[in-house]
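Generate the whole structure from the sequences, applying the supplied hints.
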Amino acid sequence: MGITRREFLKRTAAAAAASYIGINLPAADRGQAQAADVDSWHRGTCRLCGAGCRVDLGVKNGKAVALKGVSDSRTNFGYLCMKGMLFYKIMGHPDRLKKPLYRASKKDPWKEITWDEALDIAAEKFAQAVKEYGNNSVAYYGSGQALTEETYIFQKVMRAGLQTNNVEGNPRLCMASAVGGYLTSFGADEPIGSYSNIEKATCFFIIGSNMAEAHPVIFRRVMRRKLDHKDEVKVINADPRVSPTSRIADLHLQFEPGTDLALLNAMAWVILDEKLYDEEFIKNYATFRVGKEKKEVSFEEYKKFLEDYTPEKAAQICKGNITAENIRKVARWFAKSSATMSMWTMGINQRKRGVWANNMISNLHILTGQLCKPGADSFSLTGQPNACGGVREGGGLCHILPGHRLVKKEKLRRQVEEAWGVPAGRIPPKPGYHTMAMFKAVNEGKIKAIWINCTSPAQSLPNCDLYRKGMAREDCFMVVSDIFPTKTTELANLILPTAFHFEKTGVYGCTERRSQLTRKAVNAPGEAMPEVWIVREWALRLSKKLNDPVIEQCVAPFKGLEPDYELPKAIWDEYTQKLTKGRDNDLRGATYDVLAQMPDGVQWPAPTKEFALKGGTDIKFVRGIDPMADSEAKDDKPLQFYGPAHPDKKLWIWLRPYKGPEEVPDSQYPFYLSTGRIIDHWHTSSMTGRIKELMRANPYAYVEVNPEDAKELGIKPGDMVLVESRRGKNVLPAKVYEGPVKGMVFVYWHDMDEDRMINRVTKDAFDPGSKEPEFKICACRIKKVSGPKPLKPYLVTM
Amino acid sequence: MKKISKALLMSGIAAAMIYGCTGSSSGPAKQAAVKPSGHPVLTEQEMLTPCQECHQAATPEVYEEWYNSRHGIDNVKCFQCHGTYEELKRVPDQFACAVCHSAEFQHTEEGKSCWDCHPAHKFVVHK
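Here the protein sequences come in this chain order: X and V. Per numbering that gives the first Met the number 0, residue 0 is the first one in the first sequence, and the count goes up by one each step. Per numbering that gives the first Met the number 0, residue 0 is the first one in the second sequence, and the count goes up by one each step.
Check before you lean on any hint, since a few could be wrong.
Stated by the list, open to error - The calculated DSS-like cross-link candidates involving lysine-lysine, where the alpha carbons are at most 27 angstroms apart (straight line), are:
| # | chain 1 | residue 1 | chain 2 | residue 2 |
| --- | --- | --- | --- | --- |
| 1 | X | LYS577 | X | LYS558 |
| 2 | V | LYS88 | X | LYS62 |
| 3 | X | LYS229 | V | LYS88 |
| 4 | V | LYS88 | V | LYS121 |
| 5 | X | LYS715 | X | LYS658 |
| 6 | V | LYS88 | X | LYS791 |
| 7 | X | LYS445 | X | LYS106 |
| 8 | X | LYS88 | V | LYS34 |
| 9 | X | LYS408 | X | LYS580 |
| 10 | X | LYS97 | X | LYS59 |
| 11 | X | LYS303 | X | LYS335 |
| 12 | X | LYS59 | X | LYS105 |
| 13 | X | LYS294 | X | LYS468 |
| 14 | V | LYS111 | X | LYS691 |
| 15 | X | LYS88 | X | LYS59 |
| 16 | X | LYS741 | X | LYS312 |
| 17 | X | LYS519 | X | LYS62 |
| 18 | V | LYS88 | X | LYS88 |
| 19 | X | LYS97 | X | LYS62 |
| 20 | X | LYS59 | V | LYS121 |
| 21 | X | LYS407 | X | LYS439 |
| 22 | X | LYS791 | V | LYS121 |
| 23 | X | LYS410 | X | LYS439 |
| 24 | V | LYS88 | X | LYS691 |
| 25 | X | LYS294 | X | LYS658 |
| 26 | X | LYS105 | X | LYS445 |
| 27 | X | LYS439 | X | LYS429 |
As the list claims (entries may be wrong) - To give an idea of the chain V side of the interface with chain X (calculated C-beta under 10 angstroms), a few residues:
| # | residue |
| --- | --- |
| 28 | GLN79 |
| 29 | THR83 |
| 30 | GLU85 |
| 31 | PHE94 |
| 32 | ALA97 |
| 33 | CYS116 |
| 34 | PHE122 |
Derived from the structure by calculation, the hints contain no laboratory data. Ideal Cβ positions, reconstructed from N, Cα and C, are used throughout, including at glycine.
Have a look at this one:
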């Protein structure tokens, strides 16, 4: 025994008591503290979540030594979470990948090679696959953490160069259902409003989001709004799990996983029954739709459809603490408040019916007219820093081209080909594999060469063991470009070391349509290079190996440009000036020069520099605020829903039935399993796990068990518990608390230890519309396997 | 508003104590009781215990003040101001405040610390 608990507490108490002595710092020290002993500060955006916090990076002697928030930024007002204030520490970490590494067989040891050799090998393997197996035997799998310039150039070379739409990225796993929801409800992707609505809202409907941990700096704004206006502002938190977000809630609606679709329809029922809807708003701006054919139906038909969703019936479906009276209460709060803002994340998106769930939240806003006015919004929080800007807007998914264009529309393909100066017909008309289909194709041996950039699907895919088998195939050549070893580099043939944030230049577009520039401030370690350089050099080699000058044409405008600023600037200019012109994400005004002048970037649409220098569009579709609401106006009404997906330029209220999750508990697997993010870690923890403050704060994943379930199963805090599904198992320490609803367990997903990697257990069912997997719900069984055991944190190293 | 994490933290403390105190049969804990920072010496295993899990029991008043403060509700954790074990500062550098409160920091009166006006751990607007 080291020390006893009693001794430990006694000593800790004595030490803490001493900490109250001498707390005044001399003024001189305070000045020094403010300066934080740096040579210079460099403006940029946080590398981690989708909030888009602006930061200043402190540099001393060419090294990153500090971070602080930017007070005049409209996203974070200077505030940062622990990840945002500490991520500079990984930049000089000894585990950084510094040289290209290669092995012909995945069983061979790694060998350091030169960039020339690495690029030749990557080009040769992709060219060989195309020649032998066709264009669709190659694929790119990217990231919502890649810069927009990176995603754009990757997809350009893949589509127009290698003539495949096998372009995907991890945003498929997190916000594809929000894309589907926005397009089908509002006719246009991405939120209508902005964070600025938070300070004007008087009712928050937070559903399927633990924003206190996943978006802490945005949560701070909601918390502050609530605490400063305790009686005036209501907060509703709807979630099967009580989380840190619930601390500010007036009412926590806790239901069985997957039943929230019934809850949302029942809220609509109350709104209709009690005539809480905005008749004028509906008459002016909305239609009712049903089915795959998007058939228009009447208000009366919608009302009849909702008869199956009385609060009493919904309460029976939802269980937990849901009562008919609670449903009535929240529907009234939602409809009657002066301004209601809904916020959601993965609890809604990562679902078999994620698009429907998105539609049903937006239904409530359309019905009540809680849109396009200060404080009212149907607001999806995005998980990654550039899922919106790079992937949704830049053409980073298999079915979309840059500027919110659909691959399947010939006219839109032609626009892109013309902008790129490549022959008509060069972009294939058929969308490529979506993420789950792509890795299924890897499993089946259909993909012969795949490039995975800045993400770790070996850990982040649901049911990951199944897909790791494919990635381990010797006949699938795998390039992985990243900054650290991960579970995915373990399965690669070629590892390319990339520059990290602030070691290169580029734009991130955050949740609220805001694009922000981060310029290079320090050199990347070793031979790590920016992706834009890597792709350009790879494409030039590909062109030769395939004897195809069009591939060279894809990067011709960028040849010879230095990679730290001129190259990404040229790519950004091409994308914004040629491909966002006239599109709903018009970014022509947001040039690098303009972005560099703004403390917090620009919100699109921003068609001109003059408009961009004012910050861009705070609320879409409102004449006088959104310039496109004027330029695209079809009548004299103050709101103009000009989005590309709705020919009638109206908002659509959808008749969506309740449908449960793909897999529900049964006698063999009697529990629901859900997963989520913890505040101290980012995704697969390959970065945050290397910051000791963050690793110590949450060194390993655990399973949360409801006290009633724990009592029945004899599970005590710290006991090692088996969590097993039909796909795989974990053994994790237990935390017993009234978080998950009875009958449900919850596991954080960052841990890369094989015993605690929860995506070995999750299910790979996906939404038929958005193709986003249902990470949030599957069936499992649990049992105690032993008492507490000492555990070690785990990170993949080379 | 529901107070949700006490049970979680208590269970965490129990787990941390069990891991911490059984995870090592020797180590620095036996050799020195207190570091220069004033913190008890911890084993490698004990260092994997989030600060608040022990301090909920060791310094309950401080824990309660923090837990009920805006910092506590927004999950601003001990290490963000005080650092982690090796670099632990009983009295944080004021730069720890300036990381988030840069603009406010400029307004502090000469000779005063942030916590002269905003009491430590409670962080109400003004004393």
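Status of the hints after comparison with the structure:
1. Proximity of LYS577 of chain X to LYS558 of chain X is assessed by CA-CA distance (about 18 angstroms); at most 27 angstroms being required, the pair is judged to hold.
2. For the given pair, LYS88 of chain V sits about 23 angstroms from LYS62 of chain X by alpha-carbon distance, which is consistent with the 27 angstroms threshold.
3. Taken as a hint, the LYS229 of chain X and LYS88 of chain V pair is broken in the structure, with Cα atoms around 35 angstroms apart against an allowance of 27 angstroms.
4. Taking the CA atoms of LYS88 of chain V and LYS121 of chain V, the gap is about 18 angstroms. The hint holds against a cut of 27 angstroms.
5. Our distance criterion of 27 angstroms between C-alpha atoms is broken by LYS715 of chain X and LYS658 of chain X, whose separation comes to about 35 angstroms.
6. Among the hinted pairs, LYS88 of chain V with LYS791 of chain X is consistent with the structure: their alpha-carbon atoms are about 26 angstroms apart, no more than 27 angstroms.
7. In summary, the hint linking LYS445 of chain X to LYS106 of chain X is supported, as the alpha carbons are separated by about 21 angstroms, within the 27 angstroms threshold.
8. Pair hint LYS88 of chain X plus LYS34 of chain V holds up; C-alpha atoms about 24 angstroms apart against a cutoff of 27 angstroms.
9. Taking the CA atoms of LYS408 of chain X and LYS580 of chain X, the gap is about 18 angstroms. The hint holds against a cut of 27 angstroms.
10. The suggested pairing of LYS97 of chain X with LYS59 of chain X holds, with an alpha-carbon distance near 21 angstroms, which does not exceed 27 angstroms.
11. Proximity of LYS303 of chain X to LYS335 of chain X is assessed by CA-CA distance (about 23 angstroms); at most 27 angstroms being required, the pair is judged to hold.
12. Straight-line distance between C-alpha atoms of LYS59 of chain X and LYS105 of chain X comes to about 40 angstroms, which puts the hinted pair past the 27 angstroms bound.
13. Proposed proximity of LYS294 of chain X and LYS468 of chain X is contradicted: the alpha carbons are some 43 angstroms apart, above 27 angstroms.
14. Proposed proximity of LYS111 of chain V and LYS691 of chain X is contradicted: the alpha carbons are some 32 angstroms apart, above 27 angstroms.
15. Our distance criterion of 27 angstroms between C-alpha atoms is met by LYS88 of chain X and LYS59 of chain X, whose separation comes to about 13 angstroms.
16. A C-alpha spacing of about 20 angstroms is found between LYS741 of chain X and LYS312 of chain X, which places the hinted pair at or below 27 angstroms, so the restraint holds.
17. Simply put, LYS519 of chain X and LYS62 of chain X have alpha-carbon atoms about 12 angstroms apart, close enough for the 27 angstroms limit, and the pair holds.
18. Proximity of LYS88 of chain V to LYS88 of chain X is assessed by CA-CA distance (about 18 angstroms); at most 27 angstroms being required, the pair is judged to hold.
19. For the proposed pair LYS97 of chain X and LYS62 of chain X, the alpha carbon gap of about 16 angstroms is at most 27 angstroms, so the pair holds.
20. Only pairs whose Cα atoms come within 27 angstroms are accepted, and LYS59 of chain X paired with LYS121 of chain V is rejected, the gap being roughly 34 angstroms.
21. A hinted pair counts as satisfied when its Cα atoms are at most 27 angstroms apart, and LYS407 of chain X with LYS439 of chain X qualifies at roughly 22 angstroms.
22. At most 27 angstroms may separate the alpha-carbon atoms for a hinted pair to count; LYS791 of chain X and LYS121 of chain V exceed this at roughly 34 angstroms.
23. Pair hint LYS410 of chain X plus LYS439 of chain X does not hold up; C-alpha atoms about 31 angstroms apart against a cutoff of 27 angstroms.
24. Under the criterion of a C-alpha separation no larger than 27 angstroms, the hint pairing LYS88 of chain V with LYS691 of chain X is consistent with the structure, at around 16 angstroms.
25. About 20 angstroms separates the Cα atoms of LYS294 of chain X and LYS658 of chain X, which keeps this hinted pair within 27 angstroms; it holds.
26. Using a Cα cut-off of 27 angstroms, the hinted pair LYS105 of chain X and LYS445 of chain X holds, with the two alpha carbons roughly 18 angstroms apart.
27. Between LYS439 of chain X and LYS429 of chain X the CA atoms are separated by roughly 18 angstroms; this keeps the pair inside 27 angstroms, and the hint holds.
28. Because the smallest distance between the Cβ of GLN79 of chain V and any Cβ of chain X comes to about 5 angstroms, under 10 angstroms, the interface hint for this residue holds.
29. Annotation: interface hint on THR83 of chain V holds; nearest CB of chain X at approximately 4 angstroms, less than 10 angstroms.
30. Interface hint status for GLU85 of chain V: upheld, as the beta-carbon distance to the closest one in chain X is roughly 8 angstroms, under 10 angstroms.
31. Taking 10 angstroms as the C-beta cut-off, the interface hint given for PHE94 of chain V holds, the closest approach to chain X being about 4 angstroms.
32. Residue-level restraint check for ALA97 of chain V holds (minimum Cβ-Cβ distance to chain X is 5 angstroms; threshold 10 angstroms).
33. Of the supplied interface hints, the one on CYS116 of chain V is violated, with its beta-carbon coming no nearer than about 12 angstroms to a beta-carbon of chain X, more than 10 angstroms.
34. Taken as an interface hint, PHE122 of chain V does not check out: its beta carbon lies about 12 angstroms from the nearest beta carbon of chain X, beyond 10 angstroms.
The structure fails hints 3, 5, 12, 13, 14, 20, 22, 23, 33 and 34 (numbered hints given earlier, in ascending order).
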